[in-house]
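> Sequence:
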Amino acid sequence: MASYEDLLKKARKELPESVFIKERFEIPKVKGFIQGNNTIVVNFFQIAKTLGREPEHMLKFILKEIAAPGKLERHRLIIGRKISASMINQKVKAYANTYVLCPECGKPDTKLIKEKNVSSLKCAACGSKHPVRLL
Numbered sequence: 001m002a003s004y005e006d007l008l009k010k011a012r013k014e015l016p017e018s019v020f021i022k023e024r025f026e027i028p029k030v031k032g033f034i035q036g037n038n039t040i041v042v043n044f045f046q047i048a049k050t051l052g053r054e055p056e057h058m059l060k061f062i063l064k065e066i067a068a069p070g071k072l073e074r075h076r077l078i079i080g081r082k083i084s085a086s087m088i089n090q091k092v093k094a095y096a097n098t099y100v101l102c103p104e105c106g107k108p109d110t111k112l113i114k115e116k117n118v119s120s121l122k123c124a125a126c127g128s129k130h131p132v133r134l135l
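Here the working numbering is used: the first residue of the sequence shown is 1, the next is one more, and so on.
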């Protein structure tokens, strides 16, 4: 009869290689400029696409976090005051940690789902489900 350790080694050998590969998920940095009293982010839609979320949802979160007015206009974000790129990058990272990355395995393979009155973050990689507060 095989020992527990031998069985574990055998099981580990039979796992697919993709389980052991730690691919690094990178959030794109904000590209933009200040025009008068407005901050223009030109790659906002690309960031939302990379995160796999609706731009409107991400916009709502970021504007609430920085306490500033803003709007999406012709594939860019216009914020109604001067904000540094590093501050916006911090808020995008906070959004990703809350609404994109799985709290269990840390992978970005998640979907926001709504069942009855509860919104959850469902991970396709590990199968976990965590409630999140929608905006």
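Any given hint could be a false lead.
Quick list of in silico lysine to any residue cross-link-like pairs, SDA-like style, CA-CA up to 25 Å [as the list claims (entries may be wrong)]:
id: 1; residue 1: LYS114; residue 2: THR50
id: 2; residue 1: LYS93; residue 2: LYS114
id: 3; residue 1: LYS49; residue 2: GLU14
id: 4; residue 1: LYS29; residue 2: TYR4
id: 5; residue 1: LYS111; residue 2: ARG81
Simulated from the structure, these hints should not be mistaken for lab results.
> If you test the structure against every hint from before, which numbers come out violated?
3, 4 and 5
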